[in-house]
Structures are given as structure tokens and as C-alpha cells.
Amino acid sequence: MKKISSQSSDLDFIKELDSSEFIGGFKGCLACRTCTSGCPVHRADNEYDPLRIIRMLTLGLKNELLGGNMIWLCSDCYTCQENCPMGIKVTDIINHLKNMATSEKNTPIGVSTQEKLLKDQGKIYIIDNFDNKKRAKAGLPSLPEINEEAKKLLEKE
Amino acid sequence: MKYSLFLGCTIPARSRNYELSARAVASQFGMEFIDIEEFSCCGFPLEASDEMGGILLAARNLALAEERGLEICSLCSACTSMLTKTAYRLNREKELKDKVNVELAKVGREYKGTVRVRHFARILIEDIGLERIRKSVKRDLKGLKAATHYGCHYLKPSYIYEGFDDPQDPKTLEQILEAVGVINVQYKRKKDCCGGPVLLSDEAVALNVAGEKLKYVKEAGADIMNLVCPFCDLMFDSNQKGIEAEYGIELNIPVLYLPQILGLAMGLGRKELGLNLNSVNTKDLTARLEV
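Respectively, the protein sequence lines represent chains W and D. Residue numbers in the first sequence follow the working numbering, run continuously in steps of one, and reach 157 at the last position. Residue numbers in the second sequence follow the working numbering, run continuously in steps of one, and reach 1291 at the last position.
Next comes chain D alone, as it looks inside the complex:
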């Protein structure tokens, strides 16, 4: 099983814990990641102000994987949605595709329309399967309680995702956790956004959206939060101290990427999973799990 690994901008610069743990878990499952160093930004950050520029960046990335006959495995939900949506549109809107290919030709590329894009978690579900995930467990997680944040672009807009999971009642991320012995905690506003995209236009509103979710996660008695996107992580992990100060509340909720939790269950260590790089300290958590 070979995939080109799409990292985007944020993960290699700021979320090495996600990259490390995803690579470690993938390798345990025999997934081979091919790194394409010519990949650029996915195009998502341009969608609001220069949609055509965003589509061009996305199409070029798609073409790079396509040239090598590889599908794309993306770790970031925003990258997944931008690449998937662009492929969806180019495969349906001929005029747009022709226009894009005129521009791509100027840098020696062409988008044909044969490449598939999926999020890492979706590949775990569809290509590895829950049974193999269940059998990979080597460490008892001792009733660890996790509140899963699906975020937005992992499953939305649903028209681009071929019916994978159900954004109105999502289950896949919790199925993966359940398979490795984690207890899934339900909490209010589970399906809500992290607020991240509003950071650029109104920081107070963005932190308010994230803070409300963290409050409900705390109330529900979760030990950790589980997520699959570096923007959501920025809001809940990196900004958690700031949210505590702003609202005068104590949260102290470790926020882990899905493969960090999987890796713990698979018997991997703190450094291999980048747990030393999380903003909210994870030492108490790993001590409890005897890692």
C-alpha cells in the first residue's frame, strides 16, 4: 500500500508530533509513504480571497501525485477538503479544468483527473480496517476517556466525500478509538467547529468558539481530546492556556492527534509519537499508562 503523503504548510512547521506519530503508525500497518518535495500549500488559505489561485495550487499538487501514479494521503482536514473539492470540481466543470490546465502547462504540469485524495483516518478505516487496528493493540489504555473533535473539513462539505461517514452523526474516528480500547465520551457541541478560520478576521470570536467546546469536554469528564487536523489542534492545544486565562477557567486537557493515541495503544513510546511536543503537558497521561 503506497501513498503520497501530503503534509501541507502547518504540519512540517508546527505539528511535527502529528507527522511523527502518523508516520510511525502507518509504518506499523505496512503503509508506505512517498514524500513529494515539490508539493506546495494545498491552496485552502487562498479560497476566500483568490479562489482561482487556490484551485491552481490544489490542481498542481494533484498533478504531482498523478504523474507518479499515486493517490494522496493527507493529514490535515483543510488540505484534504481543498484537494478533494478541486478534483471534484475539475472532474465536473470542463471549462474550469481547461482554464486550469492552460495555467499548469506554463509550469510544465497537467491535471488529468485520475488521482484520489483521502484523509489518513479514512485510509485507516477503509484500507487497514477496524479488525487489523484491533489486533494491533499491545498496551492496555486503562479505560482512557477521550472526547473526539471531528472538525469540519474531515467530512464536509459532504457532497465531495462520496458518502464517507455522516457529518450529521459522525462515527469513524470513535470507531478507531473504540477498536484500541479507548472509552468515547459524548459532550455538548461535539460537531461544532474549532473556530480556527475566524482567527484571521476576529480573534476574540475564534477563541470564544474554541473555549466553549473545551468547557464541554471538561464537563464531560474526558481525560484527553482526540483530533485529526492541525488547525483544530492550534485552537485547542496551543491556545488552551490563553483560553484558560481569558475565561478564568482551569482546563488542563491534553489534546492528542489520533495517531498519537493509536501509537500509545500499539506500544510505541513518547518520543516516537512526539508526545513531548504537545503544548498541554502529556507527562501525567503517559505516566498513568506506564509509557
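In isolation and in its complexed conformation, chain W is listed as follows:
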């Protein structure tokens, strides 16, 4: 793994996340590795490591966290969060970091493509005439092609 300079510590970053009411703090981390040892993604690719994310956060290594690929490997399965003896919301924190990375334009292409689809359609898959014919044949109610109101709601945001 490449070396990280501790000079790049960003104290405002720590403060902002640590004071979030929803997240409820992360400084109690014991570094016990319970999160990592239960992580199914870590088992598939040991470059991914939730403890490392929490430790990097505690040290304020904002650029490394938000500019890298690691946070995007989290599968959102909540195993780490459920297992954490200190009750740290590890998965919710990683999710928040993904949002921060997106604000800095570091999002995997698959994620941003999906976001664009939703903002254009209000749903991921268009239900076209062909789908609705198949649905009718199976006795299922027809559905609108896209969702205009949801689209409008996201435009106004």
C-alpha cells in the first residue's frame, strides 16, 4: 500500500463528521478489527478494510478517503455496524463519505450513471409498452413509463 503523509490531516473534516447528530460519533473506535473480520467484501478483496476507513477518518485523512476507491467497495451490508462493540455506525459513516466524495466528483461511473437515470426517469427501469403487454398477459396491472412527479422533485432539489 502506498505511504500516506500524516501532514494531510484535516481537522475540520473530523469535526464536521463527529458532530453529526445522525452519525453520533466514531472516536470511541477500539481498533479491535471486529468490523473487518466480519466483512464479506474484505474476504473477497483484502484491500478493502472498514477499520482502515474508520482509522483514516479519526486521523482526518480526508483526501485519501474521498479521493480513493476504497469507500466505494462497501456493499452496504451493515455487518460491521451491527457487530461494532462500541456502537459506531460504520456503514452509515461510509455512506456519508460516499456522498462527500460525490460532491468532489469522485464517483464510480456505474453509480453516477444510475443517478442520472433516476433523475431523468424517477425510476431505474422504464416500463414500456412491451413490458406492459407482458404484465397484462400475466394479469398484472400496467405501470407508467416514467415517473414525472418524482423527476420534478429531484430537479427542484
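Subject to a maximum C-alpha distance of 30 Å in a straight line, what follows is the list of computed DSBU-like cross-link-like pairs (lysine-lysine):
id	chain 1	residue 1	chain 2	residue 2
1	W	116	D	1106
2	D	1097	W	105
3	D	1271	W	133
4	D	1002	W	137
5	D	1106	W	152
6	D	1094	W	15
7	W	15	D	1097
8	D	1241	D	1283
9	D	1241	W	134
10	D	1099	W	152
11	D	1112	W	152
12	W	137	D	1138
13	D	1190	D	1283
14	D	1191	W	27
15	W	119	D	1094
16	D	1145	D	1171
17	D	1094	W	152
18	W	151	W	116
19	D	1106	W	151
20	D	1218	D	1142
21	W	105	W	15
22	D	1188	D	1218
23	W	116	D	1097
24	D	1097	W	152
Everything labelled a hint here was simulated from the structure, so no lab data went into it.
Following the hints, put chain D in place on chain W, whose structure we already have.
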């Protein structure tokens, strides 16, 4: 018993077998589903990149059910968790709720905070009950062995789910199967994720996570896999052929949605349960059960 049925995006487009079987089983139990065609995406796919956008979509969906005085029955675990988590947060974080309602007002909606969201399987347990499920059996499943995959968002994060089941030692889905005469097979990594959400950022890692689980399901000698989420189904059913090719293993494990298995026990047929739409062929299975 009336519920608004929340389908989300994936089920009506790609998992009609889940929708068909859930509707068929619900109707057998006298559950009435109301379809709200204004429902959009649940908001979950935006959670990682535009959390506020995701919350807005979820809140609008909640408001639509609330306007009609209905609770939400959701089939997809990711939709269940997004809608439940949003209601949980809006009911506790006043500032967030006010902000959301300012946006919702622009499309003529309001979230008040009276709507309840539950997964279809949870409703089966809580509103129908194991006793009625047991009494609904009309067909002998001949010692069918199932490996249940709980997935993640059916029970997690646990802080939003009011103590329903225990994600550290989940039981509810297997209790339902046991009630209809299925033998529950235990296997290694039972509680692990399907890998699905990683597909968008790293396909190889995602398939590796799913492949490992399928291997253990095979080793445990299960006839079928049982699940309750269309993303998990995508990983284990739709991608099973690809996983076999990638790792040079033979799996051939039919992957069924919970209501497809229930429906079989209740005496329903292949087409009613959409068993012809599963990716891994289910013909040998139904022939064995004389369906």
C-alpha cells in the same frame, strides 16, 4: 387486511416471478394489495451519491401511502430499508423533516409521519402468523431442502426495525419454510451479503462474494435457495451461470423467492408462481414435486 404494495423499480421490470407469486400467495391469505401507480423508485439507489435526493423520493412514496391511510408492504429488502430508514429519521430529526416537506410541498405532497412500512415476509409472520401458514399447506414438498439467504436490508440496520427478528441469528424466513414442510439446511456464511451493491463499482468483487455463498449452499446439499430480495436474486439466480463459468464449478441450484416456495406448498401451479421465469431451470424441481 389492506396494504399498499410497493414494487420499486426492479421487480416490475425484471422479477415478475416475485410479483406474481407474492400476489398469488397474499390473495390466498385474504390480503388485499392496493396498487399506487404514482410510486417511484424508493430512493435507495441515490443513498450513496445524493442522500438528500434519496430521502426526498422515499418521503414522497411514504406520503402517497399516508394520503390513502394505508401501510406499505414492500417486496424488495432495499426498498423496505430505504423507506423504513427515511420514516425513522424524519420522525426523529425535525429539521430534516421540515426541509423535506418544503420540497414535497412543491409537488403538492406532505409527509406527516403516520405511515408504517414492513417487508412482505414480516407481514406474513406478524399479520398472518405461522399457524395459518401451516394450515394453508395443500401439497407435500417431499423433504425439499432449502438454504435461506436473509440478505442484508431485510433486517439491517437493526436500529430501524423495532427489534423484529435478530440479524445476528435470524430465524423468521426459516420459520415460514418449516411451517410448510421444508427442511432448512444450514450453510457456512449464511448471514453474508449477496455482493449486489458492489456490482456498480467492482463486478469481480461482487461476483466473488456471491460465488462463495453459492459454493457453500451447494456443499450443504440444498435442493434450492430461498430469498426475499430482487438484488440478491440477480446475484444468485441471474448471475449463477456466469459464476459457474468464472470459477469452473457446477452449481445448478434453483433460486426461489419465498412466496414461490410457499405457493408450491399451497398447491399453486408453475405459471401462477412465475416459476417459468426463473433463470436457473426449475422444471426438475417441479417434476419431482409433481406440480
